[in-house]
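**Q** Residue-level listing of the chains:
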Amino acid sequence: MSKQTITLNVNGESLSAEAEPRELLIHVLREQLKITGPHIGCETSHCGACTVEMDGMSVKSCTMFAIQAQGKEITTIEGLGTPDKLHVLQESFKEHHGLQCGFCTPGMITRAHRLLEENPNPTEEDVRFGIAGNLCRCTGYQNIVKAVLAAADELNQPESVA
Amino acid sequence: MITGNFEYHQPGSVPEAVALLSDLGDEARVIAGGHSLIPTMKLRLAMPEHLIDLQGISELKNIAVSGSDVRIGAMTTQAELITSEQLLKAAPIIRETALQIADPQVRYMGTIGGNVANGDPGNDMPALMQCLDATFVLQGPDGERLVQAREFYEAAYFTARDDLEILTEVRFSACAGGFSYGKQKRKIGDYATAAAAVLLTKSADGSCTHASVALTNLADTPLYCADASALLQSKGVNDASIAEAVESAMEQIEPVDDNRGPAEFKRHAAAIILTRTIQEAWSRA
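For the protein sequence lines, the chains are S and D, in the order given.
The numbering of the first sequence is my numbering, which starts it at 62 and goes up by one.
The numbering of the second sequence is my numbering, which starts it at -3 and goes up by one.
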């Protein structure tokens, strides 16, 4: 099948790629647009390592064809913070040891970001239920949950700038 | 994992989608949220040459409650079902069920139409639709056709939907009484080992004026339990009638050994889940 031009708005920047309809969003993001924050873990929509935000939804970019995301707004971990200025969630994961190997972290933080947008004051149970689509094989989740709750507190401080 | 090659189509209306499907015939598949179809395509168990994506058809993304009449467009996502306040009032069992499907990311994409139409016995919405006595709207080259959820499922992945039809809407009546969707699963995101949908209405004198029971993933189709429902309605809801209703429902199930356990274990789990689900529905009635 012939390639088609796919234009995505990724982290505020309009980017185009030529891709066959069967190319998954995660493949186009990583291999063509060189946005390698979202990872390919299971590639079967279980692990959540490929999670990106699309038009206000957390989606698994391994279970969507790039062409289906034509024209949509996509946010990846690259769009949340920079090495010089980490996002509150990134700072909080670092502070609370919310990662070890780091493979799940971009998906985990991108998902947590959307969760806090929708529910700025989550309970521990809300956080656990809200990140149930993201697997971590290192931490046992305890410190991830702590990090998300701490980030919520931080973001709710009046002086905090997200 | 790379799927087979296909040509991608994004129609803007139902008639356009139906015409495309008619023109392209057997080689085309309709895609809704894609969370059943794309994994199947990756495994090359499905290799459609044409994919007709319904995401651009805004009329299919709609929840309309008018009096007791509830209509939900096929492309309404599980996340939209969960956050709909009018649906929470009209049929709270929908939110309870949708929250037990898959995980957050999948619920943003997965649709009610895809869930009921693809005929996977593991899907949760089909038994719920049978419990609600819902009607499915099918649009095809010969126009519109209505099929009852209780008549829709023929075998695993085989339904009353013709290959050239698109399931566009589900309709049912608002339900005011007690409700519960109980699901035993190995982990969040899993299909049910056993699940039950129960609606019970209690009158002022404590009798049961309406009962409806259906089961998920305990046969190759969802199961509406007509006898168990009639039994609860005629005998009222108490420990003895619950036991009798559960026994009756267990005669209908045909679980098979798989990675969720041997059939005998599933029978055991199904009886417990159904008992608890009836009890919970009655406690809310």
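Keep in mind the hints are simulated off the structure, nothing from the lab.
Even glycine gets a Cβ: it sits at the ideal position worked out from N, Cα and C.
Just so you know, not all the hints are guaranteed correct.
[To be verified] Straight-line distance between alpha carbons at most 25 Å, and here's what the computed SDA-like set of lysine to any residue pairs gives: (1) 181(D) with 70(S); (2) 183(D) with 183(S); (3) 183(D) with 210(S); (4) 133(S) with 85(D); (5) 57(D) with 81(D); (6) 133(S) with 3(D); (7) 181(D) with 199(S); (8) 85(D) with 190(S); (9) 64(S) with 45(D); (10) 38(D) with 104(S); (11) 183(D) with 64(S); (12) 133(S) with 183(D); (13) 57(D) with 199(S); (14) 181(D) with 185(S); (15) 57(D) with 85(D); (16) 133(S) with 10(D); (17) 183(D) with 199(S); (18) 57(D) with 183(S).
[What the hints assert, rightly or not] Selected chain S positions facing chain D (Cβ under 8 Å, derived; list incomplete): (19) 76; (20) 77; (21) 81; (22) 109; (23) 125; (24) 194.
[Unchecked claim] From chain S, some residues computed to sit far from chain D (all C-beta separations above 12 Å): (25) 143; (26) 198; (27) 210.
**Q** A separate judgement is required for each hint: does it hold in the structure or not?
**A** Hints, one by one, checked against the model:
For a cut-off of 25 Å, the pair hint linking residue 181(D) to residue 70(S) is broken: about 38 Å separates their Cα positions. Distance restraint check for residue 183(D) and residue 183(S): the Cα-Cα separation of roughly 22 Å lies within the 25 Å cut-off, and the hinted pair is therefore satisfied. Between residue 183(D) and residue 210(S), the direct Cα distance comes to roughly 23 Å. Compliance with the 25 Å bound is thereby established for this hinted pair. With a C-alpha separation of about 32 Å, the suggested pair residue 133(S) and residue 85(D) falls outside the 25 Å cut-off, and the hint is violated.
About 16 Å separates the Cα atoms of residue 57(D) and residue 81(D), which keeps this hinted pair within 25 Å; it holds. A threshold of 25 Å between alpha carbons decides the hint, and for residue 133(S) with residue 3(D) the separation of about 20 Å falls inside it, so the pair holds. Taking the CA atoms of residue 181(D) and residue 199(S), the gap is near 24 Å; set against the 25 Å cutoff, the hint holds. Restraint check: the Cα-Cα separation between residue 85(D) and residue 190(S) comes to about 23 Å, which is no more than 25 Å; the hinted pair holds.
Taking the CA atoms of residue 64(S) and residue 45(D), the gap is about 15 Å. The hint holds against a cut of 25 Å. For the suggested pair residue 38(D) and residue 104(S), the alpha carbons sit about 9 Å apart, so the restraint of at most 25 Å is met. A C-alpha spacing of about 39 Å is found between residue 183(D) and residue 64(S), which places the hinted pair above 25 Å, so the restraint is violated. Only pairs whose Cα atoms come within 25 Å are accepted, and residue 133(S) paired with residue 183(D) is rejected, the gap being roughly 32 Å.
A distance of roughly 39 Å separates the Cα atoms of residue 57(D) and residue 199(S); the hinted pair therefore is violated under the 25 Å criterion. Under the criterion of a C-alpha separation no larger than 25 Å, the hint pairing residue 181(D) with residue 185(S) is consistent with the structure, at around 22 Å. For the proposed pair residue 57(D) and residue 85(D), the alpha carbon gap of about 19 Å is at most 25 Å, so the pair holds. The straight-line distance between the Cα atoms of residue 133(S) and residue 10(D) is roughly 22 Å, inside the 25 Å bound, and the hint therefore holds.
For the hint linking residue 183(D) to residue 199(S), the alpha-carbon distance of about 18 Å falls within 25 Å, and the restraint holds. A hinted pair counts as satisfied when its Cα atoms are at most 25 Å apart, and residue 57(D) with residue 183(S) does not qualify at roughly 28 Å. Interface restraint check for residue 76(S): the shortest CB-CB distance to chain D comes to about 19 Å, outside 8 Å, so the restraint is violated. Using the Cβ-Cβ criterion of 8 Å, the hint placing residue 77(S) at the interface with chain D is not satisfied: the shortest such distance is roughly 17 Å.
The criterion of a C-beta within 8 Å of any C-beta in chain D is met by residue 81(S), whose closest approach is roughly 7 Å, and the hint holds. Checking residue 109(S) against chain D by beta carbon gives a least distance of about 6 Å; that is within 8 Å, so the hint holds. Interface restraint check for residue 125(S): the shortest CB-CB distance to chain D comes to about 6 Å, inside 8 Å, so the restraint holds. The interface hint given for residue 194(S) holds, since its Cβ lies 3 Å from the closest Cβ of chain D, which is under the 8 Å cut-off.
At roughly 25 Å, the least C-beta separation between residue 143(S) and chain D is larger than 12 Å, which holds for a residue marked as non-interface. With a closest Cβ-Cβ approach of about 14 Å to chain D, residue 198(S) is found to remain outside the 12 Å limit, as its non-interface label requires. At roughly 17 Å from the closest C-beta of chain D, the C-beta of residue 210(S) stays outside 12 Å, upholding its exclusion from the interface.
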